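Chemist: Residue numbers (the numbering used here), protein chains in the order written: chain A, 1 to 497; chain B, 1 to 98.
Just so you know, the hints here were simulated from the structure itself, not pulled from any lab data. Bear in mind that the values here come from a model prediction, so they are computed numbers and not experimental data. Please note that a few of the clues may not be correct.
[To be verified] Derived SDA-like pairs: lysine to any residue, alpha-carbon spacing no greater than 25 Å straight-line:
no.	chain 1	residue 1	chain 2	residue 2
1	A	141	B	66
2	A	141	A	215
3	A	366	A	339
4	A	100	B	54
5	A	100	B	16
6	A	141	A	242
7	A	100	B	80
8	A	141	A	101
9	A	100	B	83
[Stated by the list, open to error] In silico contact screen, one side only, chain A against chain B (beta carbon under 8 Å); selected entries:
no.	residue
10	36
11	46
12	50
13	60
14	63
15	64
16	160
17	301
18	304
19	307
[Claimed, not checked] Reference listing, derived: stretches of chain B covered by chain A, where coverage requires no fewer than 3 residues with Cβ under 8 Å from a Cβ of chain A:
no.	region
20	40-49
21	61-71
22	76-84
By construction, the Cβ of each residue, glycine as well, lies at the ideal position given by its N, Cα and C atoms.
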Amino acid sequence: MSSAVVDFDDALAAFDPVLGLEVHVELNTASKMFCGCSTAFGAEPNTHTCPVCLGLPGSLPVVNAKAIESAIRIGLALNCKIADWCRFARKNYFYPDMTKDFQISQYDEPIAFDGWVDIDVDGETFRIEIERAHMEEDAGKLLHLGGTTGRIGDAEYSLLDYNRAGTPLIEIVTKTISGTGSKAPQVAKAYVSFLRDLMVSLDVSDARMEQASLRCDANVSIMPKGTTTLGLRTETKNVNSLRSVERALHHEICRQAAVLSSGGLVQQETRHWHEDGGYTTSGRLKSDAEDYRYFPEPDLVPVAPSREWVEELRATLPELPNLRKLRLQGDWGFTDLELQDVVNAGALDVIEATVAAGASPQAARKWWLTELARRANEAGVELAELAITPAQVAEVQGLVDAGTVNDKLARQVIEGVLAGEGTPAEVVARRNLAVVSDSGELAAAVDRAIAANPDVVIRIRDGHLQAAGALIGAVMKEMRGQADAAAVRELVLAKLA
Amino acid sequence: MALTPADVARLGELARVRLTEEELVHLAPQLDVILASVARVAEVAGADVPPTSHALPLTNVFREDVVTESLAADAVLAGAPSVEDGRFRVPRILGEEV
Ligand SMILES: [Zn+2]
Numbered sequence: 001m002s003s004a005v006v007d008f009d010d011a012l013a014a015f016d017p018v019l020g021l022e023v024h025v026e027l028n029t030a031s032k033m034f035c036g037c038s039t040a041f042g043a044e045p046n047t048h049t050c051p052v053c054l055g056l057p058g059s060l061p062v063v064n065a066k067a068i069e070s071a072i073r074i075g076l077a078l079n080c081k082i083a084d085w086c087r088f089a090r091k092n093y094f095y096p097d098m099t100k101d102f103q104i105s106q107y108d109e110p111i112a113f114d115g116w117v118d119i120d121v122d123g124e125t126f127r128i129e130i131e132r133a134h135m136e137e138d139a140g141k142l143l144h145l146g147g148t149t150g151r152i153g154d155a156e157y158s159l160l161d162y163n164r165a166g167t168p169l170i171e172i173v174t175k176t177i178s179g180t181g182s183k184a185p186q187v188a189k190a191y192v193s194f195l196r197d198l199m200v201s202l203d204v205s206d207a208r209m210e211q212a213s214l215r216c217d218a219n220v221s222i223m224p225k226g227t228t229t230l231g232l233r234t235e236t237k238n239v240n241s242l243r244s245v246e247r248a249l250h251h252e253i254c255r256q257a258a259v260l261s262s263g264g265l266v267q268q269e270t271r272h273w274h275e276d277g278g279y280t281t282s283g284r285l286k287s288d289a290e291d292y293r294y295f296p297e298p299d300l301v302p303v304a305p306s307r308e309w310v311e312e313l314r315a316t317l318p319e320l321p322n323l324r325k326l327r328l329q330g331d332w333g334f335t336d337l338e339l340q341d342v343v344n345a346g347a348l349d350v351i352e353a354t355v356a357a358g359a360s361p362q363a364a365r366k367w368w369l370t371e372l373a374r375r376a377n378e379a380g381v382e383l384a385e386l387a388i389t390p391a392q393v394a395e396v397q398g399l400v401d402a403g404t405v406n407d408k409l410a411r412q413v414i415e416g417v418l419a420g421e422g423t424p425a426e427v428v429a430r431r432n433l434a435v436v437s438d439s440g441e442l443a444a445a446v447d448r449a450i451a452a453n454p455d456v457v458i459r460i461r462d463g464h465l466q467a468a469g470a471l472i473g474a475v476m477k478e479m480r481g482q483a484d485a486a487a488v489r490e491l492v493l494a495k496l497a
Numbered sequence: 001m002a003l004t005p006a007d008v009a010r011l012g013e014l015a016r017v018r019l020t021e022e023e024l025v026h027l028a029p030q031l032d033v034i035l036a037s038v039a040r041v042a043e044v045a046g047a048d049v050p051p052t053s054h055a056l057p058l059t060n061v062f063r064e065d066v067v068t069e070s071l072a073a074d075a076v077l078a079g080a081p082s083v084e085d086g087r088f089r090v091p092r093i094l095g096e097e098v
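When you get a sec, could you build the whole thing from the sequences and use the hints?
Modeler: So, in structure tokens, the structure goes:
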């Protein structure tokens, strides 16, 4: 059941939201965190398990070096300090998603800590402080069955697949984020979006929210304006898309404001986000850390990354996505809106490559966001998967710039390239698409148009220059579009002058 | 730092062990003895002795990220109390998702 809410503006007029975000990132290592089982997604259930990830007696976990490397690189990219020495810890709990009755995690010695990132929302920069990024293992996957609604509260039994159990995870935890006001939901969304882009550019995770390889738990509390006492917070789980991050926080702020405004108390609890209805419902009361009875994992020796190793890894960091966007926007002279469209279309890479191949940024943007976006959309593929390279797009624009084809013909050239008819130049030759540059042929067509439209000619001679459009249209039609409209216009006006 | 029956009740809850009122009263002083004995060890260690979690003076024991063979699914499921659809079947458990 969804609860009472107050209007967002009213909630913000009375309260300041305070956020805390926990993002789990599944690393893209080939094998699991502590054993050699494959992490491949979508295998038959329970075919990627072994004594270690099933927690069978006598098995011994051994740390995946690549996972440590990825953890350090993520930490560095988030401006964190990297621990000289840290340990894994057992987090004890009873739930069938782990056969061991504990999860190997890190407790008070995370591998990375004290970082920060700057997040832009509508031109305003918010600094998000990172408390820690620690390593842990993922749990198995439960299917709740037997009920009528498919929800856990209704289920009669659960089925377990342990393929995912033991997959390396990095949990990134922010410090409390305050001062974002009404932008709190947007800041959270922008932060998660930043992390997603970052993971992809570091090549440490697929970071696909829909496949749960990047998951966000959103903590929020609200405090009455003018006070500094933190309210009790809720932690909303099951937030599986960027849009949901924003919506869930928006809802939770309005719900908590309704509770407090009516004299109630916010429960410190876990809440579940319901994507369809756009509301949260109460889950369990939140456990205290002591309830998990953390203690150092005796089966794993400490991790002590040498400073040389850390610096080696630092040298492998790519240009961070937000800095790259800023650089490209500066280079290209795009407005915020133009850049946003490019980013949303996933066209940053292809446009960069097209510009590198010689096209102007605006021309590259035009082709990729209109004609090519339409065709990618029709084919249900990404821009980069289209059968035309950025260099070929630059070549098409080159043909336009040289006057060999006009925009309309250029679209036919693109069609030909996509159809596998060869390079743009080959398509032009094969389809005979070049604009007619024979001035004699063009002049003859203009004469025929003038002769066939005496009334239009009279209007032009009376000073109605816009009437020339009818003659230009007639000529373009006769040339089957293969003429330069500007040249035709010039010819028409010259002949009637 | 005497343990109260209420502390023991909480421990019982966390360990999923159901305890009667009598057992709580009976166990509290017994557990207290164990805690006191462990605390005495802490007194022996001076400030110069760091807490020890591992007996071996080793760090950075890693393996390469290489996939090795997993167990066959039927072997894995052989120990399951109940199986459905290649998965372990367990009673529903509410309110304890982590
Ligand atoms: Zn395994």
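Chemist: Decide, hint by hint, whether the structure agrees.
Modeler: Evaluated hints:
This hinted pair checks out: residue 141 of chain A and residue 66 of chain B have alpha carbons roughly 23 Å apart, not beyond 25 Å. Distance check on the hinted pair: residue 141 of chain A and residue 215 of chain A sit about 14 Å apart at the alpha-carbon level, within 25 Å; holds. With a C-alpha separation of about 12 Å, the suggested pair residue 366 of chain A and residue 339 of chain A falls inside the 25 Å cut-off, and the hint holds. Using a Cα cut-off of 25 Å, the hinted pair residue 100 of chain A and residue 54 of chain B holds, with the two alpha carbons roughly 20 Å apart.
The straight-line distance between the Cα atoms of residue 100 of chain A and residue 16 of chain B is roughly 15 Å, inside the 25 Å bound, and the hint therefore holds. As the CA atoms of residue 141 of chain A and residue 242 of chain A are separated by approximately 22 Å, the hinted pair is consistent with the 25 Å bound. A threshold of 25 Å between alpha carbons decides the hint, and for residue 100 of chain A with residue 80 of chain B the separation of about 14 Å falls inside it, so the pair holds. About 15 Å separates the Cα atoms of residue 141 of chain A and residue 101 of chain A, which keeps this hinted pair within 25 Å; it holds.
Taking the CA atoms of residue 100 of chain A and residue 83 of chain B, the gap is near 19 Å; set against the 25 Å cutoff, the hint holds. Evaluation of the residue 36 of chain A hint against chain B yields a held restraint, the C-beta minimum of about 3 Å falling below 8 Å. For residue 46 of chain A, the interface hint holds, the least distance from its beta-carbon to any beta-carbon of chain B being 5 Å, beneath 8 Å. At a threshold of 8 Å, the smallest CB-CB gap from residue 50 of chain A to chain B is about 5 Å, leaving the interface hint in force.
The interface hint given for residue 60 of chain A is broken, as the beta carbon of that residue sits about 10 Å from the closest beta carbon of chain B, more than 8 Å. Hint status for residue 63 of chain A relative to chain B: holds, with the closest Cβ pair at about 5 Å, below 8 Å. Taken as an interface hint, residue 64 of chain A checks out: its beta carbon lies about 5 Å from the nearest beta carbon of chain B, inside 8 Å. Given hint, residue 160 of chain A at the interface with chain B, holds; its Cβ is 4 Å from that chain's nearest Cβ, closer than 8 Å.
The beta carbon of residue 301 of chain A is positioned within 8 Å of a beta carbon in chain B (closest approach about 4 Å), and the interface hint is therefore held. With 8 Å as the threshold, the beta carbon of residue 304 of chain A comes within range of chain B, its nearest partner Cβ sitting at about 4 Å, so the hint holds. At a threshold of 8 Å, the smallest CB-CB gap from residue 307 of chain A to chain B is about 13 Å, leaving the interface hint violated. Counting residues of the region 40-49 of chain B whose beta carbon lies closer than 8 Å to any beta carbon of chain A gives 0, which falls below the threshold of three, so the coverage claim is violated.
For the region 61-71 of chain B, the assignment as covered by chain A holds, since 11 residues bring a beta-carbon within under 8 Å of that chain's beta-carbons and 3 suffice. With a cut-off of 8 Å between beta carbons, the region 76-84 of chain B has 3 residues touching chain A; three or more are needed, and the interface restraint holds.
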